[in-house]
Structures are given as C-alpha cells and as structure tokens.
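Engineer: Residue strings, one per chain:
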Amino acid sequence: MNLNGAPLLEVEGLSKHFEDRRVAADRLRGRRAARLTALDGVSLTVRRNETVGIVGESGSGKTTLARCIVRLVEADGGSVAFDGADVLAADARELRRIRREVQLIYQDPYSSLNPRMSVGRAISEPALVHRLIEPDAAERHRAELLERVGLPSSAAALRPHELSGGQRQRVAIARSLALNPRMLVADEAVSALDVSIQAQILALLERLTRELGLAMIFISHQLSVIARLSQRVAIMYLGRIVEIGPTAEVFSNPRHPYTAALLRAHPTLELDKPRAPALAGEIPSPYHMPEGCRFHPRCPLVEERCRTVDPPPVDLGGGRRSWCHVLPYRSDQPP
Amino acid sequence: MSVAVEPRAGEELGLRDDGTLGRRARSERRWSALTLWTGVGIMAGIVFMSLAAPLLGFEDPNRQDLAQVLKPPSLDHPFGTDSVGRDIFTRVLYGGRIDLLFGVVTTYVPLVLGVALGAIAGYRGGWLDTVVNRLVDTVIAFPFIVLVLAIVAIFGPGLTGAYIGVFVVGWALYARLTRGEMLVMREREFILAAQTLGYPTWRIVFVHALPNVLRPSIVFSMADIVLNILLLSALSYLGLGVSPPTPEWGALVAEGQSVLLTSWWVATLPGLVIVLVGIGLSLIGDGIADRMGRDFKLTA
Amino acid sequence: MNATTTVAEPLLDVRGLTVGFPTRSGLLLAAHDVSFSIRTGRTLGLVGESGCGKSVTLRALLGLVPYPGAILSGAVGWLGRDLRTASEKELRDVRGAEISMVFQDPSSSLNPVFSIGDQLGETLRVRLGMRRREARARAVELLERVGIPSARRRLASYPHQLSGGMRQRVMIALAIASRPKLLLADEPTTALDVTIQEQILVLLRDVQAETGMAIVLVSHDLGVIAEACDEVSVMYAGRLLEQGPAGAVLRWAMHPYTRGLVAAVPPLHPAGANGAVPIAGQPPNLLELPPGCPFAPRCPYATEACAAVPMTLEGPTPHHRSACPFVGQEAR
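Chains as they are written, first to last, in my numbering: chain A, 1 to 335; chain B, 336 to 635; chain C, 636 to 967.
Since the hints were made in silico from the structure, they are not lab data.
Note that beta-carbon positions come from the ideal geometry of N, C-alpha and C, so glycine has one too.
Careful, some of the hints might be misleading.
[What the hints assert, rightly or not] Here are some, though not all, of the chain B residues that point toward chain A, as calculated from beta-carbon distances under 7 Å:
1. G380
2. E524
3. F525
4. A528
5. T531
6. Y534
7. I539
8. H543
9. L545
[Claimed, not checked] Distance ranges between label pairs, derived from CB positions:
10. B:V519 - A:N49: 37 to 47 Å
11. B:L369 - C:L699: 24 to 34 Å
12. B:V519 - C:P932: 44 to 54 Å
13. A:S331 - C:R767: 52 to 62 Å
14. C:S742 - A:A89: 35 to 45 Å
My request is simple: use the sequences and hints to build the entire structure.
Structural biologist: Listed below in structure tokens is the structure:
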C-alpha cells in the first residue's frame with residue numbers, strides 16, 4: 001500500500017539515553033545517574049529502492065539508530081514509521097510482522113551467525129519459523145537463497161567457522177533475505193572484511209538492492225564505502241545528524257566543518273597530504289555534551305554563537321541540509 | 336586484526352614431516368587423547384563390571400561365609416573378605432550400581448533444572464533474574480553438607496533423603512554458571528539477529544542460546560558426579576546413607592574402619608575404587624575440555 | 636640523488652625469513668622467504684590482507700612468534716648481529732630498548748589495574764634505571780610529547796578512563812620512552828576512528844623527524860600506507876610480491892595483486908560507475924597453496940607458467956621490484 005513517492009521509513013526526532021545504574025551509596029547521596037546521550041533528536045526518511053548512508057565515528061549514535069529502528073533497543077522519544085505503521089508503539093504481533101520487512105546485517109560475520117548451526121539451517125529457519133514455507137520446500141528455498149548471494153549449494157552443510165569472513169557475510173545476507181524484507185539495515189557490514197572481499201560484498205549488495213528493489217540504510221565509518229553504495233548520506237556526530245544530502249554533492253562540497261574534516265582525514269591513495277591533522281582534539285564524551293553546537297570544541301570555524309546556540313537546520317536546496325551557523329553561508333571550503 | 340595466522344580453534348597438532356616443531360606438537364596431541372581415553376577406559380570398565388556383575392559370576396553381595404572371615408585378597412576373593420565373610424569385590428561391584436546411579440542422577444537432574452532456570456533468568460533479566468539470583472546465593476551460601484544433613488534429618492536416613500538433599504542444593508551452581516554465560520551470550524550478534532528475525536523467545540533461549548552456554552556446565556558436571564558420590568559415601572560412612580547390609584562404597588569403608596590396622600583391605604580397597612572413579616571422571620572432564628579447544632579446566 | 640652521498644647502512648636487514656606453524660594438515664608457512672631492509676629515519680610499510688603473514692613477520696623480528704610457530708630459516712640483521720641466533724636474554728635487552736613495538740588494540744595492551752603513571756614509570760625505572768623522581772618527570776614529558784593534555788594529572792588515570800586514541804598515545808609514549816632506533820607498529824590505527832587515526836599517524840611522523848627513529852608499519856589499509864610510509868612491501872600468502880617506494884608501488888603497481896588491491900579500494904569521489912573493482916576468488920588457504928605464485932588462482936593474467944615462478948623480486952630498477960616476471964616488468 002505504498003504510494004510511489006511516499007517514503008518507506010520515516011524517523012522523526014528519535015532520541016535515546018542510557019543511564020548508568022547507580023550504586024546505593026550514590027542514590028543516598030542524591031547523585032544523579034550518569035546519563036549517556038546516544039541519540040538526540042534524529043530525523044531521517046528512506047524511500048523505496050534508495051540507499052541512504054550513515055557516517056559517523058564512535059559516539060555518533062549510528063549503531064543505536066539502527067537498533068532503535070528495528071526496536072532491538074527501545075527509544076526514549078520520537079517516532080519510527082515503516083510503510084505507515086508505527087514501529088515504536090507496535091504490539092508483539094505487529095512487531096513480528098514489521099520485523100519481517102526490515103532486516104539487520106551486522107559487522108562481525110562470525111558472531112552474527114550461530115556457531116553451532118549449519119549454514120543451511122540458519123538460512124532456512126526464518127521462513128520455517130514464520131511459516132512462510134512448508135518444511136518440504138525448505139531445501140529449494142535454501143538453494144535459491146544461496147545462489148542469490150553467490151554461494152555454492154554445498155555450503156549449506158558447513159558451519160560458520162569453516163567459511164571465510166566474506167563467505168560468512170554472504171550467509172548473513174542470505175539469511176536476511178529469507179523473509180523477503182523491503183529494507184535492509186547494514187551496520188558496518190563490510191568493515192571487518194579485507195579490501196578485496198569488501199569490494200565483492202559491496203558489489204553483491206548493490207546488485208541485490210537493485211534486483212529486489214530493496215531500500216537500504218548503510219552505516220559505516222568508511223567514507224569510500226558509503227560513496228560507492230549510497231545515493232544520499234547523513235553525517236552523524238554525538239547523536240545528531242549534522243549534514244545530509246546526495247552523496248556525491250556532500251562529498252565534493254561539504255557544508256559542515258565536521259564533514260570536511262572527515263573527508264580530509266580519510267586515508268586515500270593520494271600521496272601529498274598536508275602535515276597537520278584535519279581535526280585536533282578528542283571526541284567528547286557522550287556523558288557530557290558540549291553546550292550549543294556539539295561540534296564547537298573542535299571546530300576550526302567556531303564563532304561566539306556556536307558555543308551557546310544549537311544550530312538550526314539550513315536548507316541548501318536539492319535535499320541538502322546542514323546544521324551549522326557558519327559554513328552554509330560561506331562559499332569556500334573550510335581550512 | 337591481530338596475529339595474521341593462528342591455528343584455528345580445536346585444530347589438533349600433528350605433522351606429516353618430521354622436525355622439532357612436529358615432535359613437540361605431536362606429543363601434546365598424544366597426551367590429550369591419552370587423557371580422555373584413559374578416563375573413558377576406567378569408567379567404562381567400572382560401569383561394565385558393576386552392571387554385568389551377575390553375568391561375570393559375582394552373585395550375592397550379602398552372602399556370608401563365616402568360614403572365610405577377614406581373609407586377605409586372593410584369587411578367590413580379589414579384594415578379600417570382611418568380618419562376616421562377605422566377598423568385598425562383589426560388594427564393591429554391587430555398591431557401584433548404587434553409587435554410580437546416584438552420581439549420575441544427582442548430577443544431571445539438577446543440571447537440567449539449573450541450566451534451564453539460569454538460561455531463562457539470564458536472558459530475561461528483570462525481576463525473574465533477581466529472584467533466581469537471590470535463591471542461588473542463598474543455596475550456595477550454605478555449606479553443602481549442612482543443608483543435605485538437614486534434609487536427611489527431615490526425611491530420615493536412607494537413599495531417598497540423600498537424593499532429595501542433593502536435588503534441593505545441586506541445581507544452584509548450574510544456574511549460576513549458565514546465567515553468567517547467558518549474560519554474555521545474549522549480547523552476541525547472532526542472538527540479536529534471532530530477535531530481529533522475529534523468533535519467539537523460547538526458541539531464541541533454548542534452540543539458539545542454550546547449546547552455546549552449556550559447555551562450562553557439562554565440564555563441571557564431571558566433577559560434580561565425583562563430588563556427589565563422595566557425598567553419598569560420606570553420608571553412609573556417618574550412618575545416614577544406605578542401611579546395612581546394602582553395599583555402598585562409603586558404607587564399605589565405614590565397615591572396614593574398625594579392622595583397619597589388622598585387615599587393611601576391608602576399608603582401603605573400596606576407598607581406592609572411589610579414588611579411581613574420581614580420577615577417571617576427572618580425566619574425561621579434562622579430555623572434553625581440551626577437545627573443545629577452550630581453556631576451561633576442571634576444578635574440583 | 637647526489638652521486639657522492641654514501642648510502643647509509645641499513646638498520647634492520649631481514650633476509651629470507653621463513654616462519655612455520657605445525658598444523659594437523661601439515662606445515663603452514665606463515666612467512667616464506669621474506670626479505671626487506673630499513674634505514675634510519677625511514678618508514679617501511681608491510682601491507683596485505685588477513686593471513687598474508689605481515690603480523691607474524693613483525694613478531695618474528697623480536698622472537699615473539701606465538702607457540703607453536705617458529706622461525707625456520709633466514710636472518711634478522713640488526714646493527715651487525717643476527718637476532719635470530721640471539722639468546723633469549725639478548726632479545727630481552729633489545730626489546731623495549733633498541734626496538735619497540737606498538738600493537739593494534741590499545742585496550743588489551745595496557746594493564747587495566749595499573750595507572751598510566753605506574754606503567755610508564757615501570758618502563759623508565761626498570762629498563763632505563765631512572766630514579767623515581769626522574770622517572771616521573773620524564774613520564775610527564777613523554778605524555779606531553781605524545782599530545783596528551785593535562786599530562787601531570789593523567790599519570791593517575793587508569794586505561795579504562797582514557798579514550799582509544801589516548802590509550803594508543805600512551806602506548807606510543809611507552810614505546811618511545813627508551814628512544815628506540817626502530818619502532819614496530821602492528822596495525823596501530825586500525826581500531827581508531829578516522830580523525831584520531833590521522834592524529835596518530837602525524838604523531839608518529841613527528842617523533843620520527845625528531846629522533847630519526849625508523850618505523851616498520853603493518854597495515855591492511857592502503858590509505859594508511861600511502862599516508863605514512865616511504866617504502867612498502869606487499870605480502871600475500873606469506874610471500875613478498877612487490878617492494879618499492881610507496882609512491883611508485885601505489886601509483887605504478889607492477890604486480891597484478893597490487894594492482895588488484897589498489898583497484899579494489901573504493902574511490903572517495905566515484906567518477907561515473909567506477910566503483911571498487913573486486914579481486915575474484917577467495918583468500919588463499921595457506922595449507923593448499925599452488926606451486927609457484929600463490930596469487931595465480933585469482934590472477935587475471937595467470938598462465939601455466941605461473942606454477943614455475945621462482946618468487947624472487949626482480950625489476951627494471953633495483954628499487955621497485957616485483958615477484959611477477961610476466962606482468963608489469965616494463966621499464967618506466
């Protein structure tokens with residue numbers, strides 16, 4: 001029931017905090033629990049057939065975002081709507097239905113597969129458990145899935161530790177396709193793989209999303225991988241999106257100082273890099289968020305405003321937005 | 336990515352061509368296999384003989400022969416005779432049935448219970464976890480023997496009391512071991528994957544998580560069998576286990592105590608059998624632990 | 636190059652290093668006939684994917700090959716001696732003093748129950764024989780040198796109180812405390828965020844410029860190699876496939892594997908449909924390597940002659956050489 005233009009996934013103002021459990025002594029002293037802000041009002045839309053990349057470093061909240069969308073973690077605020085259905089308020093049955101449509105692919109291809117289960121069983125189990133196929137159809141279903149991800153049917157009898165990292169990731173992908181989802185969320189899905197295998201898996205994901213008309217959220221800290229796969233990209237920092245827009249444009253003309261720093265810091269094969277690092281300082285602790293713009297302590301363009309006022313989104317047209325007081329209004333590149 | 340090459344977990348070390356490397360690795364492997372199979376051999380031998388005793392010609396453990404009182408070990412009486420002329424070897428064999436059965440039942444019934452409880456508590460967390468934890472803490476805090484004695488006091492001496500006593504107490508350690516493993520396991524990505532695939536909770540806990548959290552419990556169960564047999568022996572020694580003339584290893588040791596200095600074999604040989612069973616089970620436990628490629632060693 | 640400049644003697648001269656591990660299915664050669672050398676003030680990169688033997692090679696230099704592996708042949712020339720034949724005591728003297736090592740995961744390389752000050756102090760007092768007060772002052776100096784703010788207060792911190800980048804800086808401080816002539820770095824930035832990674836690489840470069848320390852840097856990331864290394868050796872299945880100046884190897888790769896590796900890295904600004912070009916096939920099984928060139932099963936140029944390749948490094952110039960006699964040998 002999806003009108004062609006309407007987004008498949010709509011995330012609005014999603015937030016999530018984690019609180020440390022207090023020891024009794026602290027509670028008696030009235031000490032407030034240490035609060036970690038993982039997500040602070042994130043909004044995102046994803047259309048059918050679209051791949052949106054999410055880039056961020058540690059503490060950016062990208063993994064929490066992925067987990068909140070599928071409700072592996074309960075969000076504290078905001079809303080998530082999948083094809084019109086409210087995900088956060090769904091009851092157990094509705095959630096089970098929604099879960100068939102959105103599948104997660106994890107980073108570590110070893111720990112995302114049950115080490116004691118054969119590949120074939122791991123792949124055919126989802127459809128059997130959800131009673132989408134009859135037990136006697138399982139073998140054909142399995143063979144189809146294996147073929148789709150480029151694995152030989154003989155792989156079905158093997159256990160995860162008998163496969164290489166790239167092959168395991170293919171199995172994980174096959175398993176995620178078993179329920180015919182409409183959207184995949186890949187959380188650092190290729191980060192643990194060697195470069196040559198990464199390229200294979202990226203090609204596979206691209207082909208699958210195209211053939212099956214899947215939407216995808218691709219989370220990574222590697223800009224080059226995002227550039228390869230996603231049409232749009234959202235840059236996250238300390239629980240917020242700081243810039244969003246079509247990938248090629250954002251990467252060639254960043255309109256947020258953090259995006260620019262990431263691009264400069266990214267190791268490339270160019271051999272004449274400037275001497276000073278792109279970004280000084282440490283990533284602040286998500287327990288103590290800076291006031292005003294989250295990025296201001298490390299920003300080379302910081303102004304007075306940035307220290308106290310949270311930057312509102314600046315609409316740059318063509319689907320581009322940046323949350324910065326300074327750079328969107330300039331036409332040059334940051335230092 | 337750490338060391339570029341590491342022998343995969345569980346890979347045994349052996350070598351086709353010779354060299355110091357190979358020799359060292361090969362002897363390690365031999366030791367490991369030797370351990371396991373020695374243990375299996377010992378236990379298989381004891382179990383077989385206990386069960387097949389009548390077929391092997393050892394018939395009545397209670398047959399007294401007052402003409403053969405306190406005879407030392409000989410061909411007719413491999414373990415000698417006791418103060419009323421009973422053949423100690425036969426008594427040991429029949430006693431084995433009682434002890435071995437006790438050991439196995441009192442270990443594996445609580446194991447099943449404890450593992451199930453620990454798995455659910457560890458996975459669900461919340462109030463269930465808290466309740467189970469406090470229960471486990473309470474049970475474990477009591478000295479095992481005291482608790483068992485208290486229960487025996489309620490139900491009276493005899494095997495029933497001993498069985499119930501260990502059941503009440505024995506599950507706790509398995510629950511704790513399993514809960515601990517489950518706390519780690521439930522964050523593993525394949526469990527998260529099972530959640531996002533929409534599997535029902537019971538399936539995630541029992542089909543996916545459980546096989547991966549069983550190892551420490553299985554390895555410990557080997558030690559537990561020994562401990563439980565020793566417990567029964569201790570109870571019988573104190574007169575609170577089986578009632579005479581039923582043969583049971585601990586009871587046999589107790590019976591021989593009074594004549595220890597003159598007829599050493601009456602107490603010592605049954606005692607040695609207990610030790611032998613302990614060694615056999617420990618070797619099996621070590622062998623299993625080695626085979627599974629982990630550093631989980633037997634501690635008992 | 637000035638013809639009258641004498642070429643400095645290499646600090647480290649590794650020749651024909653072979654490291655083997657016994658396995659159930661036979662002897663596994665994690666490193667096979669690996670040779671390279673490095674001079675003062677230079678950075679050599681060892682690059683390759685997982686299983687290529689780069690980490691094992693690094694550890695072998697200090698005699699730290701994990702059991703049950705062992706060095707089977709070759710020489711590790713260090714300042715005129717052969718470390719391979721050195722006694723355990725001699726190796727211990729060299730480790731941490733003349734040659735230091737930094738590992739990938741700073742959270743497991745630092746002892747969690749000792750403070751930073753304690754761990755730094757221990758090295759300074761025990762290895763360098765400093766007195767307590769002197770050691771403390773030097774520790775603060777070192778922390779400042781590696782860019783840790785509020786160094787004096789940080790002495791009392793514990794590893795878990797520091798971020799990954801800070802911990803790695805502490806590791807580097809520990810490593811350079813004795814002013815080593817050579818630093819071995821095994822994937823030092825792989826576990827770090829990209830902005831922090833850059834800071835660490837710049838730090839290493841600065842320390843090198845200051846002290847003339849040589850660095851051997853192991854990484855699977857070509858970008859890191861490009862940024863940080865002067866020379867690079869490309870490894871695959873335990874073998875050395877190509878060797879030369881970083882710029883030349885990455886820009887004008889001779890060996891088909893190196894070319895494939897470079898092509899597989901997705902460009903940051905894709906022009907049209909040029910994505911990352913995968914290398915076909917699966918990573919090699921070191922127990923079932925084909926004779927001759929181990930890359931042949933995946934090589935687009937492979938022929939039957941590849942099974943007879945002697946795997947020696949050849950090239951039109953002595954500086955940039957490749958193990959493939961068929962492809963890429965045209966003089967530039």
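Engineer: How about L545 (chain B): closest beta carbon in chain A under 7 Å, or not?
Structural biologist: It is violated, given that the least Cβ distance between L545 (chain B) and chain A is near 10 Å, above 7 Å.
Engineer: Is it true that S742 (chain C) and A89 (chain A) lie within 35 to 45 Å of each other by Cβ?
Structural biologist: holds, 39 Å
Engineer: At a threshold of 7 Å, is the proposed contact between Y534 (chain B) and chain A supported by beta-carbon distances?
Structural biologist: holds, 6 Å
Engineer: Please verify that hint: I539 (chain B), Cβ, nearest Cβ of chain A, below 7 Å or not.
Structural biologist: Where the cut-off is 7 Å and the nearest Cβ of chain A is about 10 Å from I539 (chain B), the hint is violated.
Engineer: Given the range 37 to 47 Å, decide if the beta-carbon distance of V519 (chain B) to N49 (chain A) lies inside it.
Structural biologist: Holds, since V519 (chain B) and N49 (chain A) (Cβ atoms, about 39 Å apart) stay within the stated range.
Engineer: At a threshold of 7 Å, is the proposed contact between F525 (chain B) and chain A supported by beta-carbon distances?
Structural biologist: holds, 5 Å
Engineer: Is 52 to 62 Å a correct range for the gap between the Cβ atoms of S331 (chain A) and R767 (chain C)?
Structural biologist: holds, 58 Å
Engineer: Using the C-beta atoms of L369 (chain B) and L699 (chain C), is the stated range 24 to 34 Å upheld?
Structural biologist: Taking Cβ atoms as reference, L369 (chain B) and L699 (chain C) lie about 31 Å apart, which means the hint holds.
Engineer: Identify whether the interface hint at E524 (chain B) stands, where standing means a beta carbon of chain A within less than 7 Å of its own.
Structural biologist: holds, 4 Å
Engineer: Would the hint on G380 (chain B) be counted as holding, given a Cβ-Cβ threshold of 7 Å to chain A?
Structural biologist: With a minimum Cβ separation of about 32 Å from chain A (threshold 7 Å), the hint on G380 (chain B) is violated.
Engineer: Using 7 Å as the Cβ threshold, decide whether H543 (chain B) counts as touching chain A.
Structural biologist: Holds: closest Cβ of chain A sits about 6 Å from H543 (chain B), inside 7 Å.
Engineer: When the nearest CB of chain A is found for T531 (chain B), is that gap smaller than 7 Å?
Structural biologist: holds, 5 Å
When held up to the earlier numbered hints, the structure conflicts with 1, 7, 9, 12 and fits the remainder.
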